[in-house]
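Chain by chain, the residues run as shown.
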Amino acid sequence: MAVYLLCFTLFLLGIYCILRKRNIIKIIIGVIISEYAVNLFFILTAYRAEGRAPIYSKSAIIENMVDALPQAVVLTSIVIGLATTALLVGIAMRIYEKYGTFDITKIRDLRG
Amino acid sequence: MMQAMNIIPIFVAIPLAGSFIIAILGKRPRWAPDLISGFTTLVLLAASILAVGIANTHGVLVYSIGAWKAPIGIEMVLDGLTAFMLVTINLVAFAVSVYAVNYMEQFTSKSKFYTLFLLMLAGMNGLVVTGDMFNLFVFLEIASVASYALVAFGTEKHELEAAFKYAIMGTVASLFILLGIAILYSFTSTLNMADMASVLAQKESKNIVLMVSVLFLMGFGLKSAIVPFHAWLPDAHPSAPAPISAMLSGVLIKSLGIYALCRIFYNVIGMTAEVSSVFMFLGVLSMVVGVFLAIGQWDLKRLLAYHSISQIGYVVLGISLGTPLGVIGGLFHLFNHSIFKSLLFLDAGAVEYATGTRDLKDMGGLSAKMPATGTTNLIASMSIAGIPPFNGFWSKLIIIIATVEAGRYWYAFWAVLASLLTLASFMKVMKYAFLGALKEKWSQIKEVPVFMKLSMGVLAAICVFGGLLIIPDVADVFLNRARNVIMEGVDYAGLVLKSIR
Amino acid sequence: MSREREKGMSIIVKTITRLTVGLILLYGIYILSHGHVTPGGGFAGGIIIALSFVHLMLAYGKDVALAKLPKGVTSFLEGTAAIAFLSIALLGFMTGYFFLNFLSKGEEFRLFSAGIIPLCNIVISIKVGAGLFAIFAALVLLKFEPEKKEKRK
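Chains as they are written, first to last, in my numbering: chain F, -9 to 102; chain E, 519 to 1019; chain X, 2 to 154.
Isolated chain F (complex conformation):
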């Protein structure tokens, strides 16, 4: 139970970063932290009591293995996170080139 609470705290920490930090790079780091927290939550729900790693070999007995499906799912999710992060960083660098600053309170041309 405590593990789930810690995972949720990590998620909320990432969301706090996105909401309150003013530097674009810190906002991107907040996004990364939240993504990792959600992936961790998915893996945590796959644990079975006294489970072993779900690797099948010639001498393994299929009993008491943890759930293997979330592991494949989280692998896909990590790749998606990588692509999103790369795009966000590219946009952030171009913003610095055009606006001259990383401070989001000064990047407010569009409004109304």
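It is possible that part of the hints are untrue.
As the list claims (entries may be wrong) - Think about it this way: if two alpha-carbon atoms lie no more than 35 Å apart in a straight line, the pair counts; the simulated DSBU-like pairs of lysine-lysine are: (1) K144(X) - K69(X); (2) K96(F) - K630(E); (3) K959(E) - K628(E); (4) K72(X) - K88(F); (5) K1016(E) - K964(E); (6) K96(F) - K63(X); (7) K72(X) - K630(E).
Calculated directly from the structure, the hints in this document are not laboratory data.
Quantities reported herein were computed from a predicted structural model and do not represent experimental measurements.
Fit chains E and X to the supplied structure of chain F, relying on the hints for placement.
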């Protein structure tokens, strides 16, 4: 090999193949990206019209990828709602692809544009076709990330700022959706939509389903720009190049947002009265807030973006009513809005191509020099304002009648008021941009090139004849099938599991 | 600075890199080719292979690494691997289902078994490796001066 269900993976495989081929070919020869993209979208349009016929004759078609049967494997499901969305998406994509042949000459890297455009199309097609929850998330992310890159395509100041805001908010929404999927998986231990629906119907599950409903409402609500999750749309849609604005406003917010909400809330979780009334309230809120904020706008594309929020409110109100008439009204308005909103954005792009400005105060009397753009804009404005006999009138009428029949008189009043304000807003656009005296500096402009005129003409023709879709014989083929899928709710699971061979 | 600094990092880092970068590449290929028997597979193997090139770039400077793997080759590899993956899927489509595992499956736990999965692993690793290296190269090569802020009118 020629079984009917083999058509389903085509919708994902062909745009992906086109996108990768354009990525390798690059810029040589010059006509290659245009030709490949136009050909791909034409093939997809033909396949989607064929899919409507197939869905009518065979009912629900299920295709198991890699011959792994459910509930282990990933499945693709083709039923009435899927066929309806496929026609909408591919029709608008074909028109936009033809339009972009001329419009994107202003930018330098056309091949990168077509790569991203076909990737976004593959993501949207894949999302409406899939029958597996995590596969839906993967296609959602493909389409979203491609659209973030497309909004930033021109790399000017405003486009980058809008793209950054859109990307951060879209990523947070995707995180909420993934959290919801994780909680649902841990509760039902399956990812297949039909299997999940049958498990949820049997287990005692009120609190978890409530939490997951809230998470999905936040996530998919942001993707479909329902108030209060709409803040990214007025910045992102005007800053994108015009063909991408048409795609974003016309199909992306509907495929990623409204279709996913329908599929999950009607077919998987099951619609209850509380969720229904929350959606109705949010729909009416979107309607009113969108149109009030749109009245004071002087930037043409920003005005159209606010009207998108308002019209999506109509669609959400119609679909969440839950009565057969309301659902048909909502779905019909979804199709109509794709057509006339894309046409409006393409017209705004044509104006920008010819004059270089988006400010309404700067323009005046343009229809003397640009008759095709002026006529199509008039047709689209009358459609969105709800003037008979254009298609917008019929769908809005059905939604208002359904709201009155369901006893929600206040909501019907707000719907009529929003419609009147939409009419006023578009009369302002027509007056300032197209009618009136031609200003001195615009005396040299010419009409837009042929491909742009062609695609705008096709969409305008559908606007004029779109009202025919509600005739009972024609509606049976197209709209009624989609309505039946939504109305049968969680029986979807039984139908799909039976159709697996 | 009056004297041109030598590119890359210090001599200790360069020596260790020269010794280990081949081993990292070999380790990545091992993870990728045994993807159907042990944990790992295409994505993990591809990332490790890309990291060996990134290691080279960090230790020696971007010119040496880009001489080994130019930008044009990286883009071409990425696109080709994507088309190869799609054509493996479509080959399955021709003979049955999309992504059908149509090659022989062999005995379990041997290297040449499990149908199309090793082929998919190889293709995915090329795509992911080329993609990661391209992202890194693009971020390193981006040269700009920040625009001077103009006075607002």
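Structure-based check of each hint:
no.: 1; hint: K144(X) - K69(X); verdict: holds, 21 Å
no.: 2; hint: K96(F) - K630(E); verdict: holds, 31 Å
no.: 3; hint: K959(E) - K628(E); verdict: holds, 30 Å
no.: 4; hint: K72(X) - K88(F); verdict: holds, 25 Å
no.: 5; hint: K1016(E) - K964(E); verdict: violated, 59 Å
no.: 6; hint: K96(F) - K63(X); verdict: holds, 34 Å
no.: 7; hint: K72(X) - K630(E); verdict: holds, 16 Å
The structure fails to meet hint 5 from the earlier list, while all remaining hints are met.
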